[in-house]
Structures are given as C-alpha cells and as structure tokens.
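There are 2 protein chains.
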Amino acid sequence: MAQSQVSSIDPPRYLTGDKTGLREFLDKFDVFLFDCDGKQVVFVTNNSTKSRADYCKKLEGLGIPSTVEEIFSSSYSSSIYISRILQLPENKRKVFVIGESGIEQELRSENVPFIGGTDPAYRRDITPEDYKLVAAGDESILDPEVGVVLVGLDFHINYLKQALAYHYIKRGAVFLATNIDSTLPNSGTLFPGAGSMSAALIMMLGKDPIALGKPSQAMMDAIEGKFQFDRSRACMVGDRVNTDIRFGLEGKLGGTLGVLTGVSSKEEFVSGGVRPHAYLDKLSDLLASDL
Amino acid sequence: MAQSQVSSIDPPRYLTGDKTGLREFLDKFDVFLFDCDGKQVVFVTNNSTKSRADYCKKLEGLGIPSTVEEIFSSSYSSSIYISRILQLPENKRKVFVIGESGIEQELRSENVPFIGGTDPAYRRDITPEDYKLVAAGDESILDPEVGVVLVGLDFHINYLKQALAYHYIKRGAVFLATNIDSTLPNSGTLFPGAGSMSAALIMMLGKDPIALGKPSQAMMDAIEGKFQFDRSRACMVGDRVNTDIRFGLEGKLGGTLGVLTGVSSKEEFVSGGVRPHAYLDKLSDLLASDL
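Protein chains in written order, with the working numbering: chain A, 1 to 291; chain B, 292 to 582.
Be careful, since some hints might not be right.
What the hints assert, rightly or not - Below, a list of computed lysine-lysine pairs in the DSS-like style, where the Cα atoms sit at most 27 angstroms apart:
hint : chain 1 : residue 1 : chain 2 : residue 2
1    : A       : 226       : A       : 207
2    : B       : 557       : A       : 266
3    : B       : 461       : B       : 383
4    : B       : 557       : A       : 170
5    : A       : 207       : B       : 383
6    : B       : 461       : A       : 57
7    : A       : 266       : B       : 348
8    : B       : 461       : A       : 170
9    : A       : 282       : B       : 423
10   : B       : 557       : A       : 58
11   : B       : 348       : A       : 132
12   : A       : 282       : B       : 461
What the hints contain is simulated information worked out from the structure, not anything from laboratory work.
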C-alpha cells in the first residue's frame, strides 16, 4: 500500500491551554467529522465490528447523545459501496464476509445477500475433505454467486475462512476491506486490527483490497454526498495519523486536529510524514467553557 | 521482504527428452538437495507442520526410502537456530509457538522449552478478560520467560494467538518464522501457507521475521555444516522459484533444477526474475534408466 506523502505545510499548532489559538481554530469550521458540540458532527469510525445502531448505543453509554444518521462506520461505507457503486452481475451479488455482526447488519440494511460472517458453520477447523472440495470448485463449499469478499475485523478468523476468501478472489470476486488499520486499541494497548485480517490475503494474492474506511476517499465522498458540507469549513478530528489525519488531508478538508489520547504520539504529530494542522492533549480541551 | 534479483545468466535448458543434456547436467553434481538416486540426497522442506520423523514416514509411503538424517525441514532448521545460534538470556529461553506438532517435536529434540503450538488452551476465542490481562502484562497470560516467537503454518491460527505473538514481540521476543511461503499446495491447488501466518504480525509490527526455511541461507549453512559437501558440485531441485531455486542460486550451488509438477510455471522458469539452470516436466525425467 503506497502511502502518499501528505501533511499540512506548517508544524501543527499545539492548542491545549492556548485560548486564542483554540478560538481561531474553532472559528474556521462549520462541520466537525468526529466530535465537538454546537456544530454539525459526524462520527466516523473504522471499527466494522459494530453497526451504526451499535455505535449509537456505545456513544449513549459514554454520555454522548447521537443518532444513527450522524454515524459513518466502515461497515456502512462498505455496504453502500457494494450496493450502490459496484456494478455486480445479476448472478454474482453475494458477499463472502470475514467479520462480525456490524458488517452483517449494515449489509442487511442495504439488502445485500451474504454468507460467512458470524455463521457458526465457518467457525471450525479445515478438513481433508474441504481441500478436495475447494480444489474441485464444488458448490457445496464455494458458492458460485459470491462476487465480493469483504474483509473486516473478525475475532473468529481461522484457516478455513482465509482459504475460502483466497479462492473466491482467485475465482474473480472483488477484494474489499472495511478498513486496513493494522491494530485495534483496547484496554490501553493494541490488538490485531482489520488490516491484519487482510494481510494474509494480500500476501497470498499479491494485491491489495479496495479499502472503504479511513483514509479511503470513497468514505469521504459518501459522507459529503450525505451531508452536503463545504470541505473548506470541515475539520477531521482523530488520534491516528495514518487513518484519521490522512483522511482529512487527502480529502482537502479545511482542518485536521490530532488528539493525543489514542494511537499516534506527539512526535508523530509534530515531525511525522503525515501531520495534522493542530493538536490537543485531549478532546475535551476543545470544549473549554470559557471560549 | 526485498527480493534480490538472482537468476542464472542463461535461459534454463529444457531437459525432458534431451538425453545428452540430461547426462551433461547429472555429471556436474555429486549432491542433490531434494531428490535423485545414486548420489547423496538431502530432502529440504519448508513444511514445518511435520517433523523429520513424520517426513520419513511420508516419503516411505510414497515409495521413497529415506532416513531422518537425510531430511532438513524448516521446523528442524528453526530449532537448531534457536538452540545453537541465538544467544538467549537464561530467563528468556522459552518459545511461543504458532504452528503444529512438527515444530514441537523438533524443539523437543533440541531441548528447547515452548508454549503455545497445539496446546488446546490457546485454541479458543479471546475474552474481555484477556484484553485486560494482556494490557497489564499479567504473567498468567504473558509468560515472562518467552524470548522467541516462532511462526510456522498453523491450521488453528486464531485471534488470541496473533494477539499474544504481537505482544511477546513488542516486549522484546525475537520474531522468527519457519518459512515465509505465502501458500501451501494441497489437492492440486493452493491454501494459506506459513507466510500468511506471519503476514498479520508483519503488518502490525512493521518488521519482518528472521525466516529459517528456504530461501534463507541460514538453512543452507546448516545443511552444509552437516553434510560437508562442495557447493559447486551440489544441485538444488524444486518446483518453486521464489524459495527452491532462489535458495540454490543465492547459496551459489553449482546447479538448480526446476520441475514443472508444482507451483511455478514454465513461463516463470524461462522468463522470470529468478530462473533455474535447467528444468524438467517432472522429476522422474531425471531418472531415465538409459542414461
């Protein structure tokens, strides 16, 4: 995956405690992608294990009121891409899913047929019989209607699913990924992310998937299509330079704001290849009541 | 993984049916790595799921008599590397294994302590409690004596094993791979190989493992150390350009011989970036009784 060299020209401005700087920054934007109050907010998440409805509940649990319409998840973005953008032949409309229920819910919401996913039939060891059936292209194991393989974060990834995904793609299915984050933050450290699910397939196939999450501009186009905002008046807020900040920079948004409560470090924000326009210790620094 | 541009200078000679060519080719060598009769033979395999003893049985089943001493497997090569070459601190000698019983048997033969592998305790879903224990570096889930992560082909790969391997390496364990073949031939087609097990870790860590199987020259050095042959009089025979043929070429063996019964195609042999000195339709063409 070639990483284009994008960064805002100047080193990012450190805004924590800088009231004037903060006010100047806030005044530039009408829309915040992923957080803030009093302005239009769109929550943009690459976590495909949850549906938009799941995400609403999660935000509610965190004391952040939201509606399904304000949320853009990579599972939703992927479903939109499959149902509205991919031109699949009539008999190739089924999706083989590597992932959890969030993807399934969003595919259902777009009436996209799928197999795999959380189906217990795929949560098992590969058998000697499987090898033969796969090699023979037997329809009992390789559904001839599958025209897309969609790879998201799957906590039940296994050898059988990887083997089937590989064979579907070799037989012509489109190779999609909800997102390609290599890691997933949890409990203050990192665990395998959706990108590490695609990694085996990328190595086997020698090609990359079309990735629908941040920093893919397919996701930005979909968000803009839905919310009709002025990009120069929109700001992307996030903790990860290679997804969040890159997403905003490549999407030519008016601003990008890094927060230091997540994956990327201050060093990355200040001297990395992909730098935000400004950064804060934590998101709540943006919400100072006396601004 | 950078692939150096190695190839024999001339296009490979096609030897099937060419008696003179065959005799000339055979006369050049005393040692065949991987197959032939009447000369010293070493069977070199990257399949780490089997031990050398397992491999003997497999060859016997195919009507090919062999002894354990004639076999060099990537699981054996890895065990030798860990026990004799890596200088591990006293309290960091344990290996976390991603792989099957072949690796375990060879580690035992070198008295290398290990965890993971085929232990059913690791064949389960990750739990919310696991995330917390891993984040806390709790010794009930992260053994402080682990100093090496060895990744081979594992038909029971799962999210928990990938997460633990990642954390052991982040905490300082050496990242080893038995081999990095992306695919494994079975039933006339391809399935995920050991390399696809490392792929997720490579993406997460941003670094490659030390790979002990072909084409790693660590394996060639070990073979030479054991058999004391003249490299200029040795020939590597195999079906895969990026492992077998590259192994022989980078090892500066006198010859490399491709066979068309496996992964690589005639086109790859003749015009690829890594070309053998000669090639045959099938290995038995080398054994023509009237030579």
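If any of the earlier hints don't hold here, list their numbers in rising order.
The structure conflicts with hints 1, 2, 5, 6, 7, 8, 10, although it agrees with all the remaining ones.
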